[in-house]
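> Take the given structure of chain D and dock chain A to it, following the hints.
Protein chains in written order, with my numbering: chain D, 98 to 269; chain A, 300 to 379.
It should be emphasised that the hints constitute simulated quantities derived from the structure, not laboratory data.
Listed next, the in silico DSSO-like pairs over lysine-lysine satisfying Cα-Cα at most 30 Å (straight line):
| # | chain 1 | residue 1 | chain 2 | residue 2 |
| --- | --- | --- | --- | --- |
| 1 | A | LYS372 | A | LYS326 |
| 2 | A | LYS379 | A | LYS313 |
| 3 | A | LYS326 | D | LYS114 |
| 4 | A | LYS372 | A | LYS355 |
| 5 | A | LYS372 | A | LYS309 |
| 6 | A | LYS379 | A | LYS329 |
| 7 | D | LYS225 | A | LYS355 |
| 8 | A | LYS355 | A | LYS309 |
| 9 | A | LYS309 | A | LYS379 |
| 10 | A | LYS355 | D | LYS114 |
| 11 | D | LYS161 | A | LYS326 |
| 12 | A | LYS329 | D | LYS117 |
| 13 | D | LYS225 | D | LYS129 |
| 14 | D | LYS161 | D | LYS189 |
| 15 | A | LYS329 | D | LYS114 |
| 16 | A | LYS379 | D | LYS117 |
| 17 | D | LYS114 | A | LYS379 |
| 18 | D | LYS225 | A | LYS326 |
| 19 | D | LYS129 | A | LYS326 |
| 20 | A | LYS326 | A | LYS305 |
| 21 | A | LYS313 | D | LYS129 |
| 22 | D | LYS205 | A | LYS329 |
| 23 | D | LYS117 | A | LYS355 |
| 24 | D | LYS205 | D | LYS161 |
| 25 | D | LYS205 | A | LYS326 |
| 26 | D | LYS117 | A | LYS326 |
| 27 | D | LYS117 | A | LYS363 |
| 28 | A | LYS379 | A | LYS326 |
| 29 | A | LYS326 | A | LYS363 |
| 30 | A | LYS379 | D | LYS225 |
| 31 | D | LYS225 | A | LYS329 |
| 32 | A | LYS355 | D | LYS129 |
| 33 | D | LYS205 | A | LYS313 |
| 34 | A | LYS329 | A | LYS363 |
| 35 | A | LYS372 | D | LYS205 |
| 36 | A | LYS309 | D | LYS205 |
| 37 | D | LYS189 | D | LYS205 |
| 38 | D | LYS161 | D | LYS117 |
| 39 | D | LYS114 | A | LYS363 |
| 40 | A | LYS379 | A | LYS355 |
These figures come from a predicted structure and were not determined experimentally.
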Amino acid sequence: MSEATVGNAGVVPAEEKPDKASIVVMSGDLDKVMGSFIIATAAAAAGMEVTMFFTFWGLRALKKNVPTGRTFFGRLLGLMYGGDITRCNPSKFSFCGLGRWMFNRMMKRHNVPDLAELRRMAIDLGVKLYACQMSMDVMEFPREALIDELTDVVGAAFFVSEAAESSFSLFI
Amino acid sequence: MSDEFKVDLKLDLKGLACPLPVVRVSKAIKDIPLGGVIEAVATDPGALADFPAWAKTSGNEILKTERSGAELKFYIKRVK
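The following block holds chain D by itself, in its conformation from the complex:
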């Protein structure tokens, strides 16, 4: 195997287009958002193009800690929903926030990055983060309520076209 080979003929099969992965993040649970970002960063680290599409509860992963809502119900939702990615609760053993505290402590002890750090890592690795327009409309989250690093606000058809080009696609 010659180092000086131009291109990669004879070394590994030439792949013109990078592999692609696409992930729907429907959940806003700490464990599921964590799993989504871990898979996304691992795929990006392996040189794959990664698209993450955040919809419904998943929008929490992109939300800033700001009040939201225009209508009565919208404001009520904003109040009850509250907070940003740091307020993700585990899907089990939530105990009104106690579970979140416990899991965050345990993750720290085992050197697992927290959700905000995982998201930062994903952004640094070039993972594309898309928010679902329809969920934002229903929940009355304006674009300004989501993080600045958001790639774009899109619809289901956009995700479908990304997924169609992907070598794997997940719904979390």
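Here is chain A on its own, set in the frame of chain D:
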């Protein structure tokens, strides 16, 4: 035992958990020339499966894996 390969970069990944070891290597490998070798030491037992898998997907090569106690040493060659 790094005299076996010419090591361009050493990475200390001890104590880091999934997916950090792989993420760090994927970033660092861009800083060495094609054909260059990274010596990475990790303690995450999952790295034993993760590094070869990462190499396969990213098109790089694990030249050698050594194990001493809890420490796993990988020699990773940049192919792409």
